[in-house]
Each structure stands twice: as structure tokens, then as C-alpha cells.
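With the sequences and hints as input, model every part of the structure.
So that you can map any letter, position 86 of the sequence shown is 86 in this note's numbering, and since no number is skipped, the others follow by simple counting.
Treat the hints with care, as some may be off.
To be verified - Here are the simulated distance ranges between beta carbons:
id : residue 1 : residue 2 : range
1  : N9        : P65       : 17 to 25 Å
2  : E204      : S97       : 40 to 48 Å
3  : E172      : P127      : 23 to 31 Å
4  : E35       : R104      : 28 to 36 Å
5  : P232      : P65       : 14 to 22 Å
6  : P232      : S190      : 16 to 24 Å
7  : P220      : G169      : 19 to 27 Å
8  : P220      : R45       : 52 to 60 Å
9  : E239      : V189      : 16 to 24 Å
10 : E35       : S190      : 45 to 53 Å
11 : S24       : R156      : 33 to 41 Å
Simulated from the structure, these hints should not be mistaken for lab results.
C-beta: ideal position from N, C-alpha, C; glycine also.
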Amino acid sequence: MSNTKDIRNIVVRLIEALEQDDESARLEAEAIADEALPLLLDILRDPNPSVRGGAASALGTVGNPAAVGPLAALLDDPDPWVRGVVADALGRLADASATPALARALSDDEADVRMMAARALGEIADPRAVPYLARHIDDPDVRVRRTAATAIGETRSAEGVQPLIKALGDPEPEVRREAANGLGLIGHVSAVAALANALRDPDERVYEYAVGALFDIGEPAMRVLSEEVGTPEALAVVEAWNHG
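Shown next as C-alpha cells:
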């Protein structure tokens, strides 16, 4: 097997090429990536977890979709650190074919791995992931709940509205903020009443995100706020919209 020095040399060369903003550097990066791929795929089977993880991370940098399948298989690695690195690499590859494997990784025993899987699914933004992410709106780890809410919003799927409305009731403000922001990204009018309630949130940033989400939904939201909700907070948002 190749060692960590092999990986380091490849990755250093690749990063140096990627940091250059010209055509020749781009071509050099592509050549290095082509050279690196077979070696890195081979190193994924190394007995040393730090070597496997280094190879997985480098594959995320290389960006070749041929790495998706081998990386997805490594989400069952016995080392939780490796599993987290693999999830991160799959997120950077942003290939929707990794969605099923990452969805399964949301059930990992380690919260760090669940969080990285949720983050990767957000980077891929595949609507198929929403039902799996929705199950982790109640995750015992706040980081997983927050990241799941963020990822649901990134899909822009209307199927994410109800899970994010539920997340607006989370005890942690960081989760509520991401839920409000995600509802704005989705932009569905069915979220307006819940966002109107969030205007009374004790956390100032939740309020700000809720206002931003209502502005993102736009005119349909303003009609609901003025004609159906009618609270002072809702009418203040309509007034701000009208004078924006």
C-alpha cells in the first residue's frame, strides 16, 4: 500500500495547482487529478484509518465522480472519524448518486457522522433526501438538528416545509434560525403562518430570519399576513415590505 507521504505529495501538488487562477494551472490540476485517482482509490483500503481518511479527503478535492461509489462504500468504515471524512468528501463532490448512502449514514451511532452526512446532503441538495433529513429534526444532538434543518432548506423542496415548521419550535435558537432561513429558501406560502408566529420569538436573530423568509416569499406572504394573520408584528412586516 502507499503511505501518507504519497497522499501528502499528491494533495499538495493538487492544491497548489488549484490555487492558481489561469488556464495552464487548471490543466495541471486536471492532470494531477487524473494521476491521483487510481492511487487514492487504492489507498482507501489501507489498514491505517488516518491513511484511509486522508485518501477520502483528497478524493473530495480531486472532484472526480468516479470516486463516489468507492467513497459511499466507505461510509461503513469501522472508524467513525473516517466515516465523517468520507461524508464530507461526498458533500464536496456534490453528486446526487451519493444521496442514498448519505441518507443511511444519517442513522450512524456517532453524532459527528450524522452531522457530516446531513451537511453533505445539503451540499448535494437532492430533494430525495428530505424524508430522511426530516427524521433528524428531533435528533438528540443539537448540531445534527441544526444541520438537518439547513440541509432541508438547501433542497428548496416543498416537502421540507412541514419539517421546518416543526423545527421552528426547537428549544435551541440556532435550530430555529436555520428553520426560518430554510423556509425562506423554499419560499412556499404554506409556511407564512408559522413564520408569523416566529416574529414573536425571543431570539432576535430568529425574528430577523423570519422577516427575511417572509420577504423571500414576497407578495403572497404579505397578503396572508395582512388578511389572515393580522397581528401587530405581521402588520409591521407588511408595512416594511410596502415601504421597501
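Going through the hints against the structure:
| no. | hint | verdict |
| --- | --- | --- |
| 1 | N9 x P65: 17 to 25 Å | holds, 24 Å |
| 2 | E204 x S97: 40 to 48 Å | holds, 41 Å |
| 3 | E172 x P127: 23 to 31 Å | holds, 26 Å |
| 4 | E35 x R104: 28 to 36 Å | holds, 32 Å |
| 5 | P232 x P65: 14 to 22 Å | violated, 52 Å |
| 6 | P232 x S190: 16 to 24 Å | holds, 23 Å |
| 7 | P220 x G169: 19 to 27 Å | holds, 23 Å |
| 8 | P220 x R45: 52 to 60 Å | holds, 53 Å |
| 9 | E239 x V189: 16 to 24 Å | holds, 20 Å |
| 10 | E35 x S190: 45 to 53 Å | holds, 51 Å |
| 11 | S24 x R156: 33 to 41 Å | holds, 37 Å |
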